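Protein chains: 4
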Amino acid sequence: MSECTEDKIIYSFKNDYSEGAHPTILNAMISANMDQHDGYGEDSYSKEAVEILREKINNQNVDIHFVAGGTQANLVVISSILRPYESVIAADTGHISTHETGAIEATGHKINTVETSDGKLTSEKIKKIMDEHSSEHMVKPAMVFISNSTELGTVYKKKELEKISLFCRENDLILYMDGARLGAALSSDKSDLTLEDISKIVDIFYIGGTKNGALLGEAIIISNDRLKKNFRYNIKQKGALMAKGRILGIQFKELFRENLFFSLGKHANLMALRLGEKIEKLGYDFLSETESNQIFPILPNEIIENINKKYGFYIWEKIDKDISAVRLVTSWATKEEMIDKFIADLKSYSLSK
Amino acid sequence: MSECTEDKIIYSFKNDYSEGAHPTILNAMISANMDQHDGYGEDSYSKEAVEILREKINNQNVDIHFVAGGTQANLVVISSILRPYESVIAADTGHISTHETGAIEATGHKINTVETSDGKLTSEKIKKIMDEHSSEHMVKPAMVFISNSTELGTVYKKKELEKISLFCRENDLILYMDGARLGAALSSDKSDLTLEDISKIVDIFYIGGTKNGALLGEAIIISNDRLKKNFRYNIKQKGALMAKGRILGIQFKELFRENLFFSLGKHANLMALRLGEKIEKLGYDFLSETESNQIFPILPNEIIENINKKYGFYIWEKIDKDISAVRLVTSWATKEEMIDKFIADLKSYSLSK
Amino acid sequence: MSECTEDKIIYSFKNDYSEGAHPTILNAMISANMDQHDGYGEDSYSKEAVEILREKINNQNVDIHFVAGGTQANLVVISSILRPYESVIAADTGHISTHETGAIEATGHKINTVETSDGKLTSEKIKKIMDEHSSEHMVKPAMVFISNSTELGTVYKKKELEKISLFCRENDLILYMDGARLGAALSSDKSDLTLEDISKIVDIFYIGGTKNGALLGEAIIISNDRLKKNFRYNIKQKGALMAKGRILGIQFKELFRENLFFSLGKHANLMALRLGEKIEKLGYDFLSETESNQIFPILPNEIIENINKKYGFYIWEKIDKDISAVRLVTSWATKEEMIDKFIADLKSYSLSK
Amino acid sequence: MSECTEDKIIYSFKNDYSEGAHPTILNAMISANMDQHDGYGEDSYSKEAVEILREKINNQNVDIHFVAGGTQANLVVISSILRPYESVIAADTGHISTHETGAIEATGHKINTVETSDGKLTSEKIKKIMDEHSSEHMVKPAMVFISNSTELGTVYKKKELEKISLFCRENDLILYMDGARLGAALSSDKSDLTLEDISKIVDIFYIGGTKNGALLGEAIIISNDRLKKNFRYNIKQKGALMAKGRILGIQFKELFRENLFFSLGKHANLMALRLGEKIEKLGYDFLSETESNQIFPILPNEIIENINKKYGFYIWEKIDKDISAVRLVTSWATKEEMIDKFIADLKSYSLSK
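Protein chains in written order, with our numbering: chain A, 1 to 353; chain B, 1 to 353; chain C, 1 to 353; chain D, 1 to 353.
Derived from the structure by calculation, the hints contain no laboratory data.
Nothing here was measured: the structure is a model prediction, and the numbers come from that model.
Incorrect hints may have been included.
Since the list can't tell identical chains apart, any single copy or any two copies may satisfy a pair.
[As the list claims (entries may be wrong)] The calculated lysine-lysine pairs, modelled on DSBU-like cross-linking and capped at a C-alpha distance of 35 Å, are:
#1 318 x 159
#2 335 x 278
#3 310 x 229
#4 163 x 310
#5 335 x 140
#6 47 x 335
#7 321 x 163
#8 335 x 128
#9 309 x 127
#10 56 x 163
#11 125 x 140
#12 228 x 163
#13 157 x 47
#14 229 x 309
#15 47 x 309
#16 321 x 228
#17 278 x 127
#18 310 x 347
#19 47 x 318
#20 56 x 347
#21 127 x 318
#22 309 x 228
#23 309 x 128
#24 281 x 8
#25 157 x 309
#26 125 x 318
#27 8 x 266
#28 228 x 318
#29 310 x 128
Please model the complete structure; the sequences and the hints are all you need to start from.
What follows is the structure, given as structure tokens:
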């Protein structure tokens with residue numbers, strides 16, 4: 001994943017956190033600005049947000065904590081659960097194994113990676129790792145990490161998740177879902193999952209705010225009673241307990257008070273779908289199917305070079321010496337007009353080639 | 001430090017992060033909201049904020065990084081510098097040794113604590129620790145941690161700091177200043193220090209935004225060239241590299257564009273001074289001298305109990321069975337009117353006693 | 001504790017690990033030398049040693065593991081038990097807090113130290129630490145570390161230990177005893193404890209071989225069922241699972257097959273007692289009472305300097321500008337003749353002074 | 001690698017640490033037994049052993065430290081060198097990535113693994129990892145770990161090692177060699193390396209005693225000046241500084257006083273060669289070429305099952321449903337007679353099949 005310059009570009013499809021916050025969220029922050037509140041998530045907004053989330057999840061038996069970012073969520077959750085000699089199983093594309101600068105290892109734990117073509121784990125792949133680890137001379141896998149949507153934009157189906165969960169419960173493995181892009185995942189046409197489903201199928205997960213319209217913030221949801229005790233100690237120790245926790249509370253209250261979280265996800269997916277369809281019509285293939293707000297079209301390097309001067313995005317993978325897959329990410333803030341512009345430019349480069 | 005209830009209180013003096021952000025900052029965030037920017041602090045606001053800060057510090061030879069919170073700043077800085085067997089020396093009141101849930105030890109390092117009555121370290125106290133550590137059977141102190149203002153509201157004088165710095169340089173110790181409340185410290189009548197002074201006297205420090213009018217954010221300033229290399233790796237690994245780094249950039253730009261940072265600190269100190277003077281007039285003593293925005297009056301427990309039903313604050317220390325010191329913190333947002341109300345109530349409780 | 005030179009000295013009282021192994025142990029190693037055995041403690045010697053120890057402890061419900069050294073035992077045990085945010089309470093003289101180069105902190109945990117004059121903890125001292133730690137902004141003490149004999153040569157009485165144990169059980173604290181010098185402790189006239197008592201009063205402890213006649217080796221004894229699971233994983237991960245585990249098994253078999261462990265401890269204590277009595281007769285005071293094989297006479301610095309040219313020992317503590325306490329350690333290998341020589345020399349220096 | 005039972009077996013080819021110590025070593029320990037020596041490697045034996053090793057290495061500019069075991073050596077060395085965000089590159093078969101229960105990750109560092117068929121790294125394979133790691137969102141590889149002989153019994157040629165070394169120096173990577181079986185490697189017919197070569201080509205390595213005739217002990221050799229400072233602090237902190245360090249000193253003195261280390265390695269290799277040749281004559285293939293004291297014949301599962309009742313060894317890898325590779329390890333203590341017995345039995349099982 002090599003970086004492209006962004007000066008004077010028309011629009012950036014680099015990621016889903018290029019803008020600030022959705023106006024509804026920002027307005028709520030403005031209204032609440034001068035109220036006094038206790039720090040560290042003990043403010044009334046955070047408490048309300050927890051209640052609202054429990055309603056939306058339709059599960060009163062979950063503990064909920066807010067932290068500022070995704071790497072924080074991952075390192076707090078994973079280090080809070082594993083014993084020193086235990087490891088976590090993840091896809092080789094998993095964020096914890098590739099793009100978190102060894103954050104999990106820095107808390108003392110090995111990540112056992114599994115090759116995947118679509119970013120998804122399966123019970124078969126997990127079993128293979130389990131079979132290879134049988135004595136105290138090796139780490140003991142005790143946790144499974146999955147991302148939904150995955151780092152390749154794919155989403156888990158309920159059946160797939162249930163099968164993994166069953167295997168985990170039979171093998172004493174905690175199942176953890178990184179939901180940095182759970183908004184896009186759950187809003188996908190390809191998804192048949194609800195928040196309630198997830199809260200019952202996995203042991204612990206987080207709902208991403210940063211990539212779905214919030215300024216910052218992720219909500220960690222703990223279903224498994226065994227993982228709940230003293231969780232705030234872990235948050236504090238890792239520097240993830242915000243002094244002005246109110247900021248996280250206000251935002252999650254707004255995201256879930258009505259259905260903003262899901263409508264923002266839907267919009268992002270719709271933009272990706274349109275972008276994908278139009279690129280396909282121009283005759284290009286894709287690295288993976290479009291299931292959420294990340295698409296991976298395969299384009300000639302020459303065209304990539306040209307269009308990258310006008311639009312921000314990452315080159316994802318070199319396919320051969322002539323063509324590469326790029327990653328285009330849409331978001332709650334993407335305007336259809338920008339998609340049309342991109343397509344017009346892509347078309348013009350394609351013709352002139 | 002026991003917590004007091006906060007329901008239906010008139011005003012909270014619990015801390016300096018009870019409100020949101022100063023309106024100037026909030027407005028800047030609103031204006032910038034829909035602009036697209038690169039993530040992880042590579043946005044133009046963060047870059048501008050760095051340039052503005054270098055100007056204010058009057059030192060072009062500093063590296064500057066923004067993180068979300070103070071514990072994050074401390075654990076990122078300290079773990080980035082120490083070798084595994086090295087320790088950090090701190091006052092026994094130092095935030096890292098008392099109120100960060102072992103965040104520093106969690107990165108592998110012992111804190112050697114020194115008893116203090118006023119929260120300040122001296123070269124003599126540091127020397128004592130150095131003298132006690134002479135072989136590979138003990139940790140090797142390699143860093144000194146000081147807070148300015150301290151956890152007891154006291155501030156360092158330039159001479160005091162220079163003496164510590166000299167000792168550190170002679171003894172191969174890195175000097176690090178936690179500036180969570182540097183705004184109040186530098187704006188104190190008791191302080192003769194400037195940002196420039198600090199950047200030359202210490203090796204690394206941070207300037208706190210959260211406790212001085214920002215929604216969140218601390219600026220880490222690295223003067224010592226040896227500490228600069230690959231610093232962003234440390235930030236990322238500890239989950240402290242914000243995706244929407246723009247939020248930090250915008251806020252520090254506003255705090256330092258003109259003199260907002262200092263005027264907010266001055267206001268907080270002024271409110272503390274007034275509050276302190278009026279409490280003194282009522283005949284009460286103090287645990288320590290008022291030097292910044294934290295004051296520690298000693299009150300009868302009975303009065304504390306009553307007034308705590310109306311005003312939020314922490315009981316800091318039991319003095320004897322009848323009296324205790326409480327901590328009252330003022331901030332950029334404290335209105336004089338609230339001080340008058342508090343004093344009126346304290347007076348009335350004192351008379352009726 | 002400053003080091004003294006040892007060249008051409010007559011005898012060293014520096015510590016109880018200056019010689020090799022007791023001949024009985026060495027002979028057993030020679031006999032077993034060419035037998036083939038499985039590695040990593042799965043040899044028949046280690047298995048026999050475990051059975052013999054269970055008999056001596058008179059407690060079949062303990063798990064037993066052998067490791068090479070005391071710091072290893074401490075870091076493996078403590079890191080295997082604590083959750084990341086949990087701390088261990090120890091005397092300020094405790095080996096883990098002073099002479100293990102931050103080994104415990106390197107596994108991520110703070111040590112909460114308590115001042116003591118005699119090296120012993122009490123439930124009152126532990127309670128004080130517990131009272132100070134009440135929220136997630138501080139570490140959560142979850143374990144108590146005691147040494148028996150202590151670093152000052154004192155030994156715990158059964159009642160003292162039971163009182164600590166009761167407090168620990170009421171407060172959800174694991175009680176761990178470092179028995180590096182348990183041989184001397186249990187063989188002391190001042191002790192009314194048996195191995196069986198200890199196994200019932202504490203949750204986990206170790207029996208030191210290195211300081212009581214073995215070449216190397218400590219036996220970790222786990223009474224509390226909750227601490228037993230997967231313990232070998234912890235040993236392996238910290239590099240403490242010896243390939244030729246047979247060496248540890250053979251030695252502990254010999255130490256406990258009959259009563260070698262106790263008779264060696266008794267001899268060491270007897271030598272210390274004699275040495276102490278004779279020094280006392282010369283008119284000198286002691287830093288602490290002689291209870292086991294370490295004594296701390298207070299001598300004029302001038303005499304210390306002279307006698308230190310002939311006998312190895314550490315200067316423990318400067319008392320005032322003229323006198324200091326020194327530490328003299330006797331062992332299973334100390335011959336009475338050396339004590340007589342030391343006393344004769346001390347007497348001669350004392351007279352000539 | 002599944003374990004096979006060892007009761008009543010004729011001979012174990014499980015590993016090269018099934019027996020005690022070579023008699024020469026044991027005798028030296030007996031002779032030195034009652035001498036008094038300073039602890040922690042400051043005894044005269046350790047000092048002599050260091051001088052003798054420097055002679056044998058023909059390099060006075062190396063620092064030498066002794067530790068008890070291989071996992072200890074690896075975790076002490078690697079954690080002493082890497083900054084928190086740095087990783088180590090290793091073959092996927094490398095001991096640190098497979099059989100040390102996450103010891104390296106427990107010190108905070110990711111291992112970047114590379115697929116190999118013969119256990120050896122190459123500069124090309126290392127480069128691939130380097131190319132994939134280009135920003136602070138990923139760990140920064142800073143070290144290369146190689147084993148010689150490898151976990152598959154192969155040995156490095158001087159040219160291969162020089163090529164890796166050159167790449168490492170150009171890319172600011174520390175080159176570290178795990179020499180748990182360096183005795184067998186250097187004594188191999190396939191090797192053209194000397195200790196001197198290695199000390200000049202790599203930055204740091206260790207010479208294994210445990211697997212080459214010692215009771216325990218590995219010698220860490222540091223060539224690169226940058227890695228020498230305060231190394232004993234690292235050893236102590238990880239529990240690897242033996243109280244009776246004399247035991248390590250005596251053994252390494254004996255191994256290198258004359259050429260015992262090399263003659264023991266030669267013997268082990270010779271036994272493996274004979275064993276291999278005879279198995280080959282019986283018509284069996286091998287997983288890898290025989291280069292040192294580990295061989296990997298591929299046998300029918302039925303025969304494996306039968307012969308494993310009489311001889312100890314590990315099943316290394318399932319080849320297909322009918323055949324598997326087993327690992328046979330010879331050592332300094334293997335008698336030719338046992339090889340003949342094994343071959344006779346294998347022949348008989350092969351015929352009767």
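Cross-check of the supplied hints:
{"no.": "1", "hint": "318 x 159", "in the structure": "both (33 Å within a copy, 32 Å between copies)"}
{"no.": "2", "hint": "335 x 278", "in the structure": "within (15 Å within a copy, 58 Å between copies)"}
{"no.": "3", "hint": "310 x 229", "in the structure": "between (50 Å within a copy, 33 Å between copies)"}
{"no.": "4", "hint": "163 x 310", "in the structure": "neither (44 Å within a copy, 43 Å between copies)"}
{"no.": "5", "hint": "335 x 140", "in the structure": "neither (47 Å within a copy, 37 Å between copies)"}
{"no.": "6", "hint": "47 x 335", "in the structure": "both (34 Å within a copy, 27 Å between copies)"}
{"no.": "7", "hint": "321 x 163", "in the structure": "between (39 Å within a copy, 28 Å between copies)"}
{"no.": "8", "hint": "335 x 128", "in the structure": "neither (44 Å within a copy, 39 Å between copies)"}
{"no.": "9", "hint": "309 x 127", "in the structure": "between (45 Å within a copy, 30 Å between copies)"}
{"no.": "10", "hint": "56 x 163", "in the structure": "within (24 Å within a copy, 50 Å between copies)"}
{"no.": "11", "hint": "125 x 140", "in the structure": "both (16 Å within a copy, 28 Å between copies)"}
{"no.": "12", "hint": "228 x 163", "in the structure": "both (24 Å within a copy, 32 Å between copies)"}
{"no.": "13", "hint": "157 x 47", "in the structure": "within (31 Å within a copy, 42 Å between copies)"}
{"no.": "14", "hint": "229 x 309", "in the structure": "between (51 Å within a copy, 30 Å between copies)"}
{"no.": "15", "hint": "47 x 309", "in the structure": "between (46 Å within a copy, 21 Å between copies)"}
{"no.": "16", "hint": "321 x 228", "in the structure": "neither (51 Å within a copy, 38 Å between copies)"}
{"no.": "17", "hint": "278 x 127", "in the structure": "neither (40 Å within a copy, 38 Å between copies)"}
{"no.": "18", "hint": "310 x 347", "in the structure": "within (14 Å within a copy, 68 Å between copies)"}
{"no.": "19", "hint": "47 x 318", "in the structure": "between (47 Å within a copy, 31 Å between copies)"}
{"no.": "20", "hint": "56 x 347", "in the structure": "neither (43 Å within a copy, 49 Å between copies)"}
{"no.": "21", "hint": "127 x 318", "in the structure": "both (31 Å within a copy, 17 Å between copies)"}
{"no.": "22", "hint": "309 x 228", "in the structure": "between (49 Å within a copy, 32 Å between copies)"}
{"no.": "23", "hint": "309 x 128", "in the structure": "between (44 Å within a copy, 28 Å between copies)"}
{"no.": "24", "hint": "281 x 8", "in the structure": "within (28 Å within a copy, 62 Å between copies)"}
{"no.": "25", "hint": "157 x 309", "in the structure": "neither (37 Å within a copy, 49 Å between copies)"}
{"no.": "26", "hint": "125 x 318", "in the structure": "both (26 Å within a copy, 18 Å between copies)"}
{"no.": "27", "hint": "8 x 266", "in the structure": "within (29 Å within a copy, 41 Å between copies)"}
{"no.": "28", "hint": "228 x 318", "in the structure": "between (43 Å within a copy, 33 Å between copies)"}
{"no.": "29", "hint": "310 x 128", "in the structure": "between (45 Å within a copy, 31 Å between copies)"}
Comparing the model with each numbered hint stated earlier shows that hints 4, 5, 8, 16, 17, 20 and 25 do not hold.
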